[in-house]
Amino acid sequence: MADHDDEALARFQSALLLLLQEDLPEAAVRDRLDRDPEFEPYRAEVRAMDPRALGIAARVVKRWARRAPKH
Amino acid sequence: MRPWIGLSLMLEDDFRNAAAPLFAEGIVDVVEWSFDTGWGRVIPEWADALLDHYGEEGRLLGHGVHYSAFSARWEERQARWLEQLAAEVSRRRYVHVSEHYGFMTAAPFTRGAPLPVPRGEASRAVGRDRLRRMRAVLARGKSGACPIGLENLALAWNGDEALAHGMFLDEVLEREEDFIVLDVHNLYCQIENFDLDPDALLGRYPVSRVREIHVSGGSFLPAWPEAPDDTVRCDTHDDAVPEPVFELLARALARFPDVRAVILERLGGTFRTPADAEGFGRDYLRVKAVVEDARAGGQEGSGDG
Chain F
40 MADHDDEALA RFQSALLLLL QEDLPEAAVR DRLDRDPEFE PYRAEVRAMD
90 PRALGIAARV VKRWARRAPK H
Chain Z
220 MRPWIGLSLM LEDDFRNAAA PLFAEGIVDV VEWSFDTGWG RVIPEWADAL
270 LDHYGEEGRL LGHGVHYSAF SARWEERQAR WLEQLAAEVS RRRYVHVSEH
320 YGFMTAAPFT RGAPLPVPRG EASRAVGRDR LRRMRAVLAR GKSGACPIGL
370 ENLALAWNGD EALAHGMFLD EVLEREEDFI VLDVHNLYCQ IENFDLDPDA
420 LLGRYPVSRV REIHVSGGSF LPAWPEAPDD TVRCDTHDDA VPEPVFELLA
470 RALARFPDVR AVILERLGGT FRTPADAEGF GRDYLRVKAV VEDARAGGQE
520 GSGDG
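Heads up: the sequence lines are chains F and Z, in that order. Residues 40 to 110 (our numbering) are what the first sequence spells out, left to right. Residues 220 to 524 (our numbering) are what the second sequence spells out, left to right.
By construction, these hints were calculated from the structure, which means they are not laboratory data. All C-beta atoms, glycine included, are put in the ideal place defined by N, C-alpha and C. Please note that a few of the clues may not be correct.
Calculated pairs, EDC-like style, for lysine to aspartate or glutamate (alpha carbon to alpha carbon, straight line, at most 20 Å) [said to hold, decoys possible]:
1. Z:Lys-507 <-> Z:Glu-497
2. Z:Lys-507 <-> Z:Asp-449
3. F:Lys-101 <-> F:Asp-45
4. F:Lys-101 <-> Z:Asp-457
5. F:Lys-101 <-> F:Glu-79
6. F:Lys-101 <-> Z:Glu-244
7. F:Lys-101 <-> F:Glu-61
8. F:Lys-101 <-> Z:Asp-449
9. F:Lys-101 <-> F:Asp-89
Computed list of chain Z residues with no C-beta within reach of chain F, every gap over 12 Å [unchecked claim]:
10. Glu-294
11. Arg-330
12. Val-345
Listed next, with one range per pair, are the computed distances between beta-carbon atoms [stated by the list, open to error]:
13. Z:Ala-306 <-> F:Arg-105: 34 to 44 Å
14. Z:Ile-246 <-> F:Arg-69: 47 to 57 Å
15. Z:Glu-395 <-> F:Glu-79: 31 to 41 Å
16. F:Asp-70 <-> Z:Phe-242: 36 to 46 Å
17. F:Arg-102 <-> Z:Asp-271: 30 to 40 Å
18. Z:Leu-504 <-> F:Arg-86: 43 to 53 Å
19. Z:Arg-351 <-> F:Arg-102: 26 to 36 Å
20. Z:Glu-395 <-> F:Glu-46: 31 to 41 Å
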């Protein structure tokens with residue numbers, strides 16, 4: 040079975056989880072989304088993120104995300 | 220045809236106590252089991268017996284939580300998940316198996332909650348690949364090449380994105396027998412949070428794909444800690460089913476004729492008082508009444524995905 044990985048999408052996903060887990064206020068999250076190059080391939084999608092949706096995403100990531108032990 | 224009506228099984232004693240009268244009355248047609256929430260845990264005897272019974276009767280639905288079918292980089296954790304799925308389906312026969320839309324893990328995280336993905340070709344290809352891997356495992360088990368479903372998320376990045384979830388799931392599901400699990404409380408979250416029209420949202424889901432419905436409660440929570448009065452509807456599965464969700468269930472049943480199962484969900488550990496347990500029973504009877512009203516005169520469904 041052929042593996043299907045997409046590196047730009049993987050970097051975007053990692054960067055988004057890391058950002059949302061940081062317990063930052065809304066303005067700081069938005070600023071990082073605008074400036075971090077990992078979000079560049081999905082700039083249009085990121086700009087269209089509703090602020091309240093971002094807040095809830097941050098809430099669930101902080102509540103449920105767990106890192107691998109080696110990290 | 221009347222869909223099966225059933226419960227999502229939880230292992231906690233408060234759920235057992237709340238659900239016991241419904242099982243005793245013989246009105247639980249089907250059980251859905253989120254099997255990966257049980258991996259590594261001791262399954263109580265009563266729950267094991269129920270799963271065996273419904274499996275042997277051909278009335279057990281599988282629902283994964285932790286696979287993360289849209290994580291872009293294939294993870295060793297997911298390979299282990301598939302190994303455990305193989306053991307699961309070698310023990311019990313499932314009518315069909317579903318998972319969730321979205322990604323919950325990406326390096327360095329190994330657990331999480333699902334978030335929506337950008338709806339481009341990359342995400343489509345990843346989702347299709349992960350479902351193919353699931354299918355290959357299922358084909359070797361007692362369930363055979365059973366249908367695979369994907370459940371819609373409550374969380375959407377904006378209103379337009381919420382309106383596009385259904386079509387995106389349709390694009391990822393490659394086989395005709397594969398299906399969408401439509402969680403009507405998740406739709407309610409999107410309707411509340413983005414001021415969407417219920418029929419416009421339902422109308423964006425492909426009619427022939429919707430073959431299972433989830434019904435649950437949830438709660439309003441502050442989106443950001445710094446603005447505690449600005450609340451958002453969330454799918455916390457920790458409260459009674461609100462009235463608009465019953466109305467959405469009726470609308471969904473009217474729109475989607477191929478629904479084979481309607482499942483009431485509530486997390487174990489969230490029944491705080493005896494009144495909560497009684498309310499859960501009333502919610503179940505209300506779901507049953509809505510289904511029977513929508514399918515008046517129909518025979519019980521085959522539930523074959």
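Evaluation of the provided hints:
1. Pair hint Lys-507 of chain Z plus Glu-497 of chain Z holds up; C-alpha atoms about 15 Å apart against a cutoff of 20 Å.
2. A C-alpha spacing of about 35 Å is found between Lys-507 of chain Z and Asp-449 of chain Z, which places the hinted pair above 20 Å, so the restraint is violated.
3. This hinted pair does not check out: Lys-101 of chain F and Asp-45 of chain F have alpha carbons roughly 25 Å apart, beyond 20 Å.
4. Straight-line distance between C-alpha atoms of Lys-101 of chain F and Asp-457 of chain Z comes to about 19 Å, which keeps the hinted pair within the 20 Å bound.
5. Proposed proximity of Lys-101 of chain F and Glu-79 of chain F is contradicted: the alpha carbons are some 24 Å apart, above 20 Å.
6. Only pairs whose Cα atoms come within 20 Å are accepted, and Lys-101 of chain F paired with Glu-244 of chain Z is rejected, the gap being roughly 41 Å.
7. The straight-line distance between the Cα atoms of Lys-101 of chain F and Glu-61 of chain F is roughly 8 Å, inside the 20 Å bound, and the hint therefore holds.
8. Only pairs whose Cα atoms come within 20 Å are accepted, and Lys-101 of chain F paired with Asp-449 of chain Z is accepted, the gap being roughly 19 Å.
9. Restraint check: the Cα-Cα separation between Lys-101 of chain F and Asp-89 of chain F comes to about 18 Å, which is no more than 20 Å; the hinted pair holds.
10. Residue-level check failed: Glu-294 of chain Z sits 9 Å from the nearest beta carbon of chain F, not beyond 12 Å.
11. At roughly 4 Å from the closest C-beta of chain F, the C-beta of Arg-330 of chain Z falls inside 12 Å, breaking its exclusion from the interface.
12. Consistency note on Val-345 of chain Z: stated as away from chain F, yet its beta-carbon is not over 12 Å from all of that chain's, at 6 Å minimum.
13. Checked against the hint of 34 to 44 Å, the pair Ala-306 of chain Z and Arg-105 of chain F fails, with Cβ atoms roughly 23 Å apart.
14. One distance hint, 47 to 57 Å for the beta-carbon pair Ile-246 of chain Z and Arg-69 of chain F, holds here, with the actual separation near 49 Å.
15. For the pair Glu-395 of chain Z and Glu-79 of chain F, the beta carbons lie near 38 Å from each other, so the given range of 31 to 41 Å is met.
16. At about 53 Å, the beta-carbon gap between Asp-70 of chain F and Phe-242 of chain Z misses the expected band of 36 to 46 Å.
17. In this structure the supplied range 30 to 40 Å holds for Arg-102 of chain F paired with Asp-271 of chain Z, their Cβ-Cβ distance being about 33 Å.
18. Separated by about 46 Å at the C-beta atoms, Leu-504 of chain Z and Arg-86 of chain F satisfy the suggested range of 43 to 53 Å.
19. At about 31 Å, the beta-carbon gap between Arg-351 of chain Z and Arg-102 of chain F stays in the expected band of 26 to 36 Å.
20. Between Glu-395 of chain Z and Glu-46 of chain F the Cβ separation comes to about 32 Å, which falls inside the hinted range of 31 to 41 Å.
In summary, the structure is inconsistent with hints 2, 3, 5, 6, 10, 11, 12, 13, 16 from the numbered list given earlier, while agreeing with the others.
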